[in-house]
Amino acid sequence: MTAKKGDWVRIHSVLMEAGDRAPGIPEDTSKVPYELWDKGFLISNKAEIGDAVEIETITGRNIKGKLLETNPSYDHDFGEFIPEILIIDKKLKVIMGELAK
Amino acid sequence: MNNDYLKLMERKNEIMKKSVGIDYSQFESGSIAFDYEGMMEKVGYSLEEIREIQNETGVGNTPMYKLPNLTNLARSLTTEGKGARIFLKDEASNPSGSFKARRAATAVYHAKKLGFKGVIAATSGNYGAAVASQAAMRGLNCIIVQECYDSKGKGQPEIIEKARKCEAFGAEVVQLSVGPELFYTFLKLLEETSYFNTSLYTPFGIAGVETLGYELSQQMTDITGRNPDTVIVTNAGGGNLTGTARGLIKAGANNTKIIAASVNLKGLHMASNHDFNKKSFTTGHTGFGIPFTTVPDRSDVPRSAARPLRYMDRYVTVNQGEVFYMTEALAQLEGLERGPAGNISLAAAFVIAQSMDANHTIVVQETEYTGAGKHIQPQLSFARNNGIEIRLGDPIEEIPGKSIILPSHPSLIKVQDLDLSGLRESLIKHSLEEMSSQDKKNLSETDIQFLSDETKSSIETVKQYIRNTEQ
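First to last, the protein sequences are chains A and B. Each residue of the first sequence is one higher than the one before, starting from 1 at the first, in the numbering used here. Each residue of the second sequence is one higher than the one before, starting from 102 at the first, in the numbering used here.
Be aware that one or more of the hints could be misleading.
Unchecked claim - In silico EDC-like links for lysine to aspartate or glutamate, alpha-carbon gap of 16 Å or less:
| no. | chain 1 | residue 1 | chain 2 | residue 2 |
| --- | --- | --- | --- | --- |
| 1 | B | K108 | A | D20 |
| 2 | B | K255 | A | D77 |
| 3 | A | K64 | B | E293 |
| 4 | A | K90 | B | E435 |
| 5 | A | K93 | B | E435 |
| 6 | B | K253 | A | E17 |
| 7 | B | K253 | A | D28 |
| 8 | A | K39 | B | E268 |
| 9 | A | K31 | B | E282 |
| 10 | B | K379 | A | D28 |
| 11 | B | K255 | A | D75 |
| 12 | B | K530 | B | E490 |
None of these hints come from the bench; they were simulated from the model.
Please construct the entire structure, taking both the sequences and the accompanying hints into account.
In structure tokens:
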């Protein structure tokens, strides 16, 4: 997918490589890179996903990174249904019903 | 300018001073004591001023709900004559959906007054939304720095929702992978933009919460004719507890007992990439609560205005499954659908009410908004997909990071008491860390008095704690 100048995009960059992390952090964390994600308007004229690009963020900062996606959307939701919750609900109703007697 | 990690960290104090506009050195004694009340008075605002500031942006004056059905349920689990009436202050009705709007209101007002063009906050939680909302109202730019993803790019649904909300208020959200280097990025942004640091721990922020305690006292006096017997506060960084307690004292509620509650995340390391998505609570947990209680100045300002041990009468923990259960019970029995993290103190109140007299009152002093990502369903679903066992049973068997046990009966909900004397002694031990035995013996009266205030302990007890550090 090609992104053009002015498009709203999301970028990613590695701020610290694995093994080059801050001192004193847990071992498992030190073995992975320190990464950043941000969004902004594409400054570069034309770019493909994965290209190194520059963006202007909503507060007007210019930052660089690798192009991840254009028109990034939110995909968090209410997850998969947890049926155990219905058991809680049912039991509470039974207890409250008995208390009302 | 070299932005190399260590060099930037060396400039920490200089960057902080410029970005919060407070010269903390004026309150230092040169020894361990510092003038806490002086700091709160001199750089903060009076309660009246804060009420006006918050009124300008619709913050505060949140409703107080009676919870008759949960009170009845609690009474059915205890002996005759026991079971305090449970009340809930609905902080979710603040503009950004949590009590954090109070903290942000004063900080953002102050930033604007000092002429800053924008504000920055490092937070994955409700505070980001609060700062973004207040910045929108006052016409300032806003950047929120979040710890959001693990190394697989997987993010906590609750944090992703918070990013959406911040963006909805016009903020830039800088998302980071797990690690304490967040502070480095935060400092770098402060230096780059010259924006105001709306730290959670400045006197403005903490004084902003005092109105919560003050209103709470007034509302309870209106409803019941007197101050509440107990107020229970979800504890993480300590600001919620500190501000609420100070507000209660300012309202004259000197006999109200203050109980802290955190969700038990024992065994999970907060800076671990592996553990990051094994927890179902991103705040209100022991991973923040215990270290910030015993070492309050570990925050992002030289002297934290949040000093919870000064006000805490008891500190309890509850398990994740118990909080999810109470979140569901609040919706099912009281018709209030609120976010899980805000219900940590509700779960604890439900248990503590059972050991209190029936003519007493207990107030849960906050709620938070709920929605996609930030709700019992997606948070449990996320946990299950991360290999966490979820089942009904006895929550005492819950192992943080491995299981979430939803109580199979409300009588199985319990609190665990943390050793408050141990926490007080630990604070004193940390305060005296770099002192020789001789220096400890020669502590001034001011220093001893300071430690007594810091730990809500008598001078004699403080002296005993100091002797204990020598053993």
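Review point. Which of the numbered hints above does this structure break?
Key: The structure breaks only hint 12.
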